[in-house]
Structure formats: C-alpha cells, structure tokens
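Could you slot chain S onto chain B? The hints should help.
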Amino acid sequence: MKFFTFIFVSFFSLIATANVAIFKFENELQEKRFKVLVAELRCPTCQNQNLADSNSMVAEDLKQIVYEQIIAGKTDEQILSFMKQRYGEFILYEPEIQSNIILWVGPFIFLVLALTGFLIWYKNNKVESSDD
Amino acid sequence: MSDKVNPLKGISVVLVFAGFMWFLWWSLSNTSSELPSQLIDRPVPQFSVSELLDENKQHTPDLFKEKISLLNVFASWCPACYDEHPYWDIYAQRDDLQIVGLNYKDKKDKALYFLETQGNPYEHILFDSSGRLGIEFGVYGAPETFLIGPNGKVRYRHVGVVTPAVFEEKFEPLISQIKQGF
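In order, the protein sequences belong to chains B and S.
So the first sequence is numbered by UniProt numbering: it starts at 1 and just counts up by one.
So the second sequence is numbered by UniProt numbering: it starts at 1 and just counts up by one.
Read the hints as simulated data drawn from the structure, not as lab findings.
Certain hints may be false.
[What the hints assert, rightly or not] Pairwise CB distance ranges (calculated): (1) S:L15 x B:W104: 22 to 30 Å; (2) S:D41 x B:S56: 49 to 57 Å; (3) S:P43 x B:E68: 22 to 30 Å; (4) S:E172 x B:G117: 36 to 44 Å; (5) B:G117 x S:F23: 18 to 26 Å; (6) B:G106 x S:K57: 49 to 57 Å; (7) B:Q49 x S:P43: 28 to 36 Å; (8) B:Q49 x S:P164: 31 to 39 Å; (9) B:E77 x S:I90: 41 to 49 Å.
Note that the structure is a prediction, hence the values are computed from the model and not measured.
In this text, a Cβ means the ideal position worked out from N, Cα and C, and glycines have one as well.
Isolated chain B, as found in the complex:
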C-alpha cells in the first residue's frame, strides 16, 4: 500500500516539475523569479488558478512571455506592468488598488460608529440616571 501511495504521489510531483522544466534559464535567480512571477499572476481564462497551475492556452502563452522577458533582462516590475496593461489589475493576485477596499475598511468604520454610538448612549444614560 505504501508503495502504491509513493508511486501515486511521485506521479503528481512529476507533473508539477514538468511545467518549469521546459524553460531553460541562465542562472538560478532567473528560475526563482520565474517561479514567483507565475505564482503571482492569475490565469485570465480559468480565474481561480495562477499561471503556474494552469495549462490553458492563454496561461501557457503568458508563461512563455514571462520566460522570454526574464531572459531579455526585464525587471519583475516591467513584466508585471506588461501583464497589467493587457489584462488589468485582475491578473495580479495581490492587486495594488483595492477595488474591494470596503471589505478592509468597512469593519473599522463600523467599529468606530458602534463605539461612538455606545459612548453617546452611555453619556446620556449616565446623565439621566444621575437625575433620578
């Protein structure tokens, strides 16, 4: 049983490495940058996968472009902005401008509102009860 599990698991790891192995890099840093970039970029077609995990046609092309641009000496920033110009903020898994900013700020606004409300209520209550 253990043996089969081993075979099964190693089969998956083979698939995972096969993707990167197609690309030949000049040094380890380039390969590292490639891996980080394709993990940071979202596949426009499948949308729940990054480029690294996707085998869709567009994802394959975009990976190839990331590779070519790394070899051509482009910086990570240049590569990301190339992608952003064509596919928008969406392609970045961590968008720079938060279009969902309300989700981040909303709870704090509510906290402040609730605290203010509570303080006002508390103050009124105190004044009224001292009147008794």
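Structure of chain S alone, referenced to chain B:
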C-alpha cells in the same frame, strides 16, 4: 431613563443597515467572470501581421482608420465560433461597418478549411498563429469581438457569441454614438 424611543432614530438605523445589506447583496450578484478590457477608449495596440488569405500582405492598425470596425477573434478550434459564425454574414451586409477577423492561434490549413466550410464574412483577416497579437489585445478566450471607432480607438469588447440580441443591445447604441461623433 426615558421610555420614549425617538422613532426617527430607530428608522434611520434600520435604513442604514438595510442600505448596507443591499450593497453587499448587489456586490454579490454583480460578480462577473467577464474581464473588462484594458483597451476601452484607447488606440488599438501596434502590430504588423500578415493577411490570412495573402501572406505577402501586411496589416497594421491603419486598417481601422476611416471605417467603424468590428474585430472578431475566431479560430477553427473554438466550438462557440461555429455557433457564432452565421451571424457574421448578417453584420457583414451592413455598409457602415467593416468586419475584420483575427484568426487566433490557429493552423493555416485549418483556418482556411473553416472559412471554406462556414463561409467568409471578413473583409480582412489578421493571421495570428502565435497568439501574440491576441495577447496585445488582452484576448483570453475566443470568440471575442472588439468595436473599434474610425479614430482607431477601441470602444467595446464582448466576450462570447455576438448573437443578434447582443448586437442590438450592446453594439448598436455604441455604433450610433460613434456616428454622432462621440
């Protein structure tokens, strides 16, 4: 402690809460898997690709000058393109529009066979076998259709089949806007 609760206060709290709930609900139902094009109101990207039917002929963005164009991204491997193709015969009959094809990531013989069997509604066909022009346009799946004004700027991008209903609803109003000079 006063027994009276200010009714206005109560109502306003309920209203604010209801408004917030409505906003959340709206955000949920508004999620779309369709990506907005980055090219809206911007000039088409620079390119120079050959014509599918004549490899000696090169196309550049000048193709989109003078006339209102519909640029249809299609391929023989794309199932929905077969569904969509008959509609293009209808749109191609209009004198005020120029129908341009972008043959995306296709093999030449297969693309030619597609046109032979399905018909050719296109005035020009950009041959993009590598898919690099598609990426310049931000294409992420075929079929896609771009509406391009005579100033060479993209006005609209539709992902999916352009049915007559879609054409009527999405493209027609923009086409008349462009004609009025907007």
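For each hint, the structure was consulted:
{"no.": "1", "hint": "S:L15 x B:W104: 22 to 30 Å", "in the structure": "holds, 25 Å"}
{"no.": "2", "hint": "S:D41 x B:S56: 49 to 57 Å", "in the structure": "violated, 28 Å"}
{"no.": "3", "hint": "S:P43 x B:E68: 22 to 30 Å", "in the structure": "holds, 25 Å"}
{"no.": "4", "hint": "S:E172 x B:G117: 36 to 44 Å", "in the structure": "violated, 51 Å"}
{"no.": "5", "hint": "B:G117 x S:F23: 18 to 26 Å", "in the structure": "holds, 20 Å"}
{"no.": "6", "hint": "B:G106 x S:K57: 49 to 57 Å", "in the structure": "holds, 56 Å"}
{"no.": "7", "hint": "B:Q49 x S:P43: 28 to 36 Å", "in the structure": "holds, 32 Å"}
{"no.": "8", "hint": "B:Q49 x S:P164: 31 to 39 Å", "in the structure": "holds, 34 Å"}
{"no.": "9", "hint": "B:E77 x S:I90: 41 to 49 Å", "in the structure": "holds, 46 Å"}
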